[in-house]
Amino acid sequence: MTKITLAVTGSISAYKAADITSSLGKLGHDVTVLMTEAAQAFITPMTLQVLSKRPVHTSVMAEERAEVVNHIDLAKHTEIFLVAPASADTIARLAQGRADDIVSSVALALPQGVKKVIAPAMNTNMYENSLTQRNIQTLKNIGFTEIEPKIALLACGDLGKGALADVSDIVEKIQEIITNS
1 MTKITLAVTG SISAYKAADI TSSLGKLGHD VTVLMTEAAQ AFITPMTLQV LSKRPVHTSV
61 MAEERAEVVN HIDLAKHTEI FLVAPASADT IARLAQGRAD DIVSSVALAL PQGVKKVIAP
121 AMNTNMYENS LTQRNIQTLK NIGFTEIEPK IALLACGDLG KGALADVSDI VEKIQEIITN
181 S
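Start counting the sequence shown at 1; every next residue gets the next number (the UniProt record's numbering).
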């Protein structure tokens with residue numbers, strides 16, 4: 001059983017986190033979910049809690065257990081850190097080394113050797129923007145793997161690259177990373 005931390009960020013594709021959580025759980029993986037405030041506008045923590053059978057973490061300031069610092073403890077118990085969907089904002093936060101929400105704080109606290117994966121989902125212009133591409137390259141340079149978005153009709157009505165990769169492709173990539181570790 002692999003300990004996967006799934007970070008869900010603010011994108012209309014956040015609802016697909018339910019299928020990702022369920023699929024990884026059915027494969028026997030231990031899935032812990034983190035959610036940004038923006039992600040919670042698209043899907044409730046309760047949905048992901050029921051599917052993961054674990055508490056969902058939404059605030060870096062929530063310290064449920066006095067004996068541990070939550071974001072540090074979560075990072076220590078992560079073997080694969082998956083950000084899906086990864087919004088442009090979260091990608092920028094991660095590339096800058098920010099630690100002002102639960103997702104970026106856990107990411108910054110990850111021990112060396114933890115496999116890190118982003119699956120971007122956003123408008124085509126946002127994805128192709130040179131700033132976003134620079135941030136993605138920065139993340140790749142520090143060991144993140146990108147599961148590229150697909151070309152599709154996006155929620156905004158535009159047709160282009162930016163839709164979250166298919167859940168089956170994300171799960172397959174995680175299984176590949178586990179197999180090759």
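None of these hints come from the bench; they were simulated from the model. Please read these numbers as outputs of a predicted model, since none were measured by experiment. Honestly, I wouldn't trust all of these hints.
Quick list of in silico lysine-lysine cross-link-like pairs, DSS-like style, CA-CA up to 27 Å [as the list claims (entries may be wrong)]:
id, residue 1, residue 2
1, 3, 53
2, 76, 26
3, 173, 161
4, 76, 161
5, 116, 161
6, 3, 161
7, 115, 173
8, 3, 115
9, 115, 150
10, 173, 26
11, 53, 26
12, 140, 53
Now the hints, each set against the structure:
1. 3 with 53: Answer holds: residue 3 to residue 53 is near 13 Å, not above 27 Å.
2. 76 with 26: 23 Å, holds
3. 173 with 161: Given that 27 Å is the threshold and the Cα spacing comes to 19 Å, the pair holds.
4. 76 with 161: 34 Å, violated
5. 116 with 161: Cα-Cα ~22 Å, so holds.
6. 3 with 161: Violated. Residue 3 to residue 161 sits at ~30 Å, over the 27 Å cutoff.
7. 115 with 173: It holds: about 12 Å lies between the C-alpha atoms, which stays within 27 Å.
8. 3 with 115: 11 Å, holds
9. 115 with 150: 22 Å, holds
10. 173 with 26: 16 Å, holds
11. 53 with 26: 12 Å, holds
12. 140 with 53: 31 Å, violated
Comparing the model with each numbered hint stated earlier shows that hints 4, 6 and 12 do not hold.
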